[in-house]
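Chemist: One line per chain: the protein sequences are R and W, in this order. So for the first sequence, this note's numbering puts the first residue at 2; every next one is plus one. So for the second sequence, this note's numbering puts the first residue at 2; every next one is plus one.
In case anyone wonders, no lab produced these hints; they're calculated from the structure. Even for Gly, the Cβ is constructed at its ideal location relative to N, Cα and C. Errors might be hidden in some of the hints.
Pairwise CB distance ranges (calculated) [said to hold, decoys possible]:
1) R/V240 - W/Y167: 30 to 40 Å
2) W/R183 - R/K252: 49 to 59 Å
3) R/R91 - W/G236: 24 to 34 Å
4) R/K252 - W/S142: 26 to 36 Å
Chain W is faced by these chain R residues, among others (derived, beta-carbon under 8 Å) [as the list claims (entries may be wrong)]:
5) G55
6) L79
7) Q115
8) L228
A short list of chain W residues far from chain R (calculated; beta carbon distances all over 10 Å) [to be verified]:
9) Y33
10) R113
11) R235
2 protein chains.
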Amino acid sequence: MIHRSMLALTAGLALLAPAELHGQRPSIATAYRSVADSLIQAATADSAAYERVGVLVDRFGHRLAGSRSLEAAIDWVLAEMKKDGLQNVRGETVSVTHWERGQESAELVRPRRQRLAMLGLGGSVATPATGITAPVLVVASFEELVRRRAEAKGKIVLFDAPFTTYGETRRYRTDGASAAARAGAVACLIRSVASESIRSPHTGRTRYDSTVARIPAAALSVEDAMLLHRMQDRGLPVVVTLRMGARQLPKARSRNVVAELVGREKPEEVVVLGGHIDSWDVGQGAMDDAGGSVAAWEAVRLMHRLG
Amino acid sequence: MIHRSMLALTAGLALLAPAELHGQRPSIATAYRSVADSLIQAATADSAAYERVGVLVDRFGHRLAGSRSLEAAIDWVLAEMKKDGLQNVRGETVSVTHWERGQESAELVRPRRQRLAMLGLGGSVATPATGITAPVLVVASFEELVRRRAEAKGKIVLFDAPFTTYGETRRYRTDGASAAARAGAVACLIRSVASESIRSPHTGRTRYDSTVARIPAAALSVEDAMLLHRMQDRGLPVVVTLRMGARQLPKARSRNVVAELVGREKPEEVVVLGGHIDSWDVGQGAMDDAGGSVAAWEAVRLMHRLG
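Just need the whole structure built from these sequences, with the hints factored in.
Modeler: Right under this line is the structure:
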């Protein structure tokens, strides 16, 4: 999700282009069928890639940019790639953003007390240490906030936008904080950008517009956002205390992992395969993107092994 | 889930037995068809019952036995039943168990630090205030624990039993703590008794066998239990710190809510409908059992309204 620490693998084109030697121009599917079949057969013959994903996520845990766990994971990947016999294995220095979540919580204090299931949005500023306690204005959309702008001042604005598609609904995550700040809100909450929840909040990066104040921003679980919305619809006063200890630290030094398989015939031409090793801090990034990284790695490892 | 604070409604049988007046013996389905149709039509004509479930869960929140929120909810139900015109509406004193969860957490400390998604099991004893830090032995079944009993002493035993059916798999929740204590364990963890999880742990009551020590017991999310199991399978030492501030308080006074619809012809015969108002503390008990309680309540309210 933060596309900084990359794993890049280059494979010489010539390795994959035997048909050109015969002056034919068969379709790509035909030309590479036997090579592709060999690779697929090797890739599905054992659980090597799956095991590597397992080690990457279980042993190192999350790999947030700037974290020690990311650097430990990169050390391991580099060492394994050397064992695989890949060429020119190296870590290329890269500067990455370094944001830390810290302690965080959200509690409903009126009309009754209840701990809310929340996650701060990536890149959010902190609240004061005592938190922000304010009435909540729930809106279902940016349009509703514009209409009710007069009610938003000094409040925590909650965007309870029903999920349509990820691409569409995540606007509230990326742009909600600044839209709320523009209306005079002191903090922003969003309903998790997810179709299902089981009270498991979903986060991701928020984006501050430089023309307005940076206010703390967090996601609530789908259920908790809907709860606050129902309370407001019933005319109940809704008050929340939001506490976030997030810190934006100076940029950190990390590494892009690069390994090569130099082509025999056209070593100056390259195909780049890759994925991002880093992940968010509240999971282990198995799908985002340990799986993608290891799939690319495994493809090149098998090309090397199959000669 | 704790079947103590009941909502009981009695309806006079004669109200529902018009066919007997004519000396016929039609099938029950035939005899009550028109009455049932009237009730169904009335029940589905508006959202009255749904709104009441909404108020019960949103306004009062959880209704754990012994809690103020349960008593506030009972007050509201009694007042509403009187407004409905039901007869002999009353709260009958009942003594209920009173267990409080307190602060709780579980943290993986080896092979790396990670907060685990946990919920203490209902009725569990506390850990010392500093928690219990111990190596974890993961087993997949009671049988495996018996086989590996020599390894369990002084450890936290985690039952990572895959879900089959609720009735079968919940044995680990009810009996796991005592089985672990019998093997010399200092605490017990179970994999949530659920087929799916999204890192949302599931709890329920545990049961202590009086012949062995009472050790703290908690559920981990499905994902976290599987993570610890994979770590053990890879030969990594797994150490967890469990902190639970649970307290078993003296029995508390609560009330069973009773309302009647006295029959015109056989007032001495009764049909009892009911559900339990109380709930666990980590949700709002909408399905368990606000919905059941209100369905029973609504049926009697509509019988009263339809005469």
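Chemist: Compare the structure with each hint and give your call.
Modeler: The hints, checked one at a time:
Taking 30 to 40 Å as the suggested C-beta distance range, the pair R/V240 and W/Y167 conforms, at roughly 38 Å. Taking the beta carbon of each, W/R183 and R/K252 are about 55 Å apart, inside 49 to 59 Å as hinted. At about 30 Å, the beta-carbon gap between R/R91 and W/G236 stays in the expected band of 24 to 34 Å. Between R/K252 and W/S142 the Cβ separation comes to about 50 Å, which falls outside the hinted range of 26 to 36 Å.
With 8 Å as the threshold, the beta carbon of R/G55 comes within range of chain W, its nearest partner Cβ sitting at about 7 Å, so the hint holds. The criterion of a C-beta within 8 Å of any C-beta in chain W is not met by R/L79, whose closest approach is roughly 19 Å, and the hint is violated. At about 6 Å, the closest approach between the beta carbon of R/Q115 and any beta carbon in chain W falls short of 8 Å, and the interface hint on this residue holds. Hint on R/L228 holds. Least Cβ distance to chain W is approximately 6 Å, under the 8 Å limit.
Taking the minimum C-beta to C-beta distance to chain R, about 36 Å, the non-interface status of W/Y33 holds against the 10 Å cut. Its beta-carbon lying about 5 Å from the closest one in chain R, W/R113 breaks the requirement of being farther than 10 Å from that chain. For W/R235, the shortest C-beta to C-beta distance to chain R comes to about 7 Å, within the 10 Å cut-off, and the non-interface label is violated.
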